[in-house]
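Colleague: Sequence:
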Amino acid sequence: MAMGAADVVPGVSGGTIALIAGVYERLLAAISACTPDKLLWLVRGRVREAWQAIDGTFLVSLLAGILTSIAAFANLIGYLLEAHPGLIWSFFFGLILVSVYVVGREVRRWNVWMLLLTALGAGFAYMITVAGPLQWSVTPLMIFLAGSIAICAMILPGISGSFVLVLLGLYATILGAVRSFDLALLAVFALGCVVGLLSFSRLVSWLLLRARNATMAVATGLLIGSLNKVWPWKQTLSWRENSKGLMEPMQQSNLLPGNYESLTGEPSYWVAGLGLMLLAIILVLALEWIGQRMRQH
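So that you can map any letter, position 57 of the sequence shown is 57 in the numbering used here, and since no number is skipped, the others follow by simple counting.
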């Protein structure tokens, strides 16, 4: 359920939560085991053997928790983003900030090369956030591709799949589909997720096996660079009409809380915002502590 909650918000990725809880390697192994030959086993009646090979009980339990959490939190997150955007983005900012520490700690040996990879990852993520905003069209092909890309981010520690959807301009669309149970759109998105998951999990497993430090260094950099996108106090410079005919921000600049109040004429609620950042940090560290306790027992 913690992974599902993380995947709903553009903050901590589900992969980071799995890493904190100590089930990340098991998750990758189970997903990688879902190969076409397992379908042949099922056809030939080798159900029990196939179930054990893919760690079926673990996967089903995990998936049930994720889907339950997504269904439970989608409406809440959607409401908060509409009613209190500055405060909820403050919370997201705290989630990503503490993830920098959690993922960066996975780099066992820091050296000049690891710092360089981190800097490259941060620079890449920052350039994406300041580039002209994308607005993928809401077509079956684009939704399918978005699912394939987002799920790859969801299972990679440090990169939030929801944040990828924000960058693609489809976060509100997917979140709205979950809230309204738009089964047609969700089915296309889920199909893209399945394809991306099965193809990307092997690559991640290979990278973590052969170049774990480098992979984690890049993931840490991507997190650092993405902080620019989720800074809560922004001034909208230009607007655009989305696919539903509603106006939404197109270009924004980050502001300090004091400048935000003077330029926009709206309260910044900076004390509450900082409090929510701190709450997010405490929440992730508490989850990590619980995960460590579970592994000990």
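No lab work stands behind these hints: they were computed from the structure. We put the beta carbon where it would ideally sit given N, CA and C, even for glycine. Hints should not be assumed to be uniformly reliable.
Unchecked claim - 20 Å max Cα-Cα, derived SDA-like pairs, lysine to any residue:
| no. | residue 1 | residue 2 |
| --- | --- | --- |
| 1 | K38 | A21 |
| 2 | K234 | N259 |
| 3 | K234 | V195 |
| 4 | K38 | G22 |
| 5 | K234 | L207 |
| 6 | K38 | L274 |
| 7 | K234 | W270 |
As the list claims (entries may be wrong) - Just the calculated beta-carbon pair ranges, DEER-fashion:
| no. | residue 1 | residue 2 | range |
| --- | --- | --- | --- |
| 8 | L237 | A272 | 22 to 28 Å |
| 9 | T264 | V112 | 41 to 47 Å |
| 10 | V112 | L279 | 33 to 39 Å |
| 11 | L87 | L115 | 55 to 61 Å |
| 12 | L76 | R46 | 29 to 35 Å |
| 13 | G176 | L237 | 32 to 38 Å |
| 14 | L183 | V271 | 29 to 35 Å |
| 15 | S137 | R46 | 39 to 45 Å |
| 16 | A190 | G123 | 29 to 35 Å |
| 17 | A286 | R46 | 38 to 44 Å |
| 18 | L207 | L76 | 32 to 38 Å |
Colleague: If a hint holds in the structure, say so; if it doesn't, say that too.
Modeller: Tested hints:
The straight-line distance between the Cα atoms of K38 and A21 is roughly 28 Å, outside the 20 Å bound, and the hint therefore fails. Taken as a hint, the K234 and N259 pair is honoured in the structure, with Cα atoms around 10 Å apart against an allowance of 20 Å. As the CA atoms of K234 and V195 are separated by approximately 36 Å, the hinted pair breaks the 20 Å bound. A distance of roughly 26 Å separates the Cα atoms of K38 and G22; the hinted pair therefore is violated under the 20 Å criterion.
A C-alpha spacing of about 37 Å is found between K234 and L207, which places the hinted pair above 20 Å, so the restraint is violated. With a CA separation close to 49 Å, the supplied pair K38 and L274 exceeds the 20 Å bound. Proposed proximity of K234 and W270 is supported: the alpha carbons are some 12 Å apart, at most 20 Å. The hint said 22 to 28 Å for the Cβ distance between L237 and A272, and at roughly 25 Å that hint holds.
For T264 and V112, the Cβ-Cβ distance of about 43 Å falls inside the hinted range of 41 to 47 Å, so the restraint holds. For V112 paired with L279, a C-beta distance near 36 Å keeps the hint of 33 to 39 Å intact. At about 34 Å, the beta-carbon gap between L87 and L115 misses the expected band of 55 to 61 Å. Roughly 43 Å separates the CB atoms of L76 and R46, a value that falls outside the hinted 29 to 35 Å.
Between G176 and L237 the beta carbons are some 25 Å apart, a value that contradicts the proposed interval 32 to 38 Å. Taken as a hint, the range 29 to 35 Å is violated for the pair L183 and V271, whose Cβ atoms sit roughly 42 Å apart. Restraint check, S137 to R46: a C-beta distance of roughly 43 Å satisfies the suggested window 39 to 45 Å. At roughly 33 Å, the beta-carbon separation of A190 and G123 lies within the given 29 to 35 Å, and the hint holds.
Distance hint check for A286 and R46: the Cβ-Cβ separation is about 42 Å, which falls inside the suggested range of 38 to 44 Å. Taken as a hint, the range 32 to 38 Å holds for the pair L207 and L76, whose Cβ atoms sit roughly 34 Å apart.
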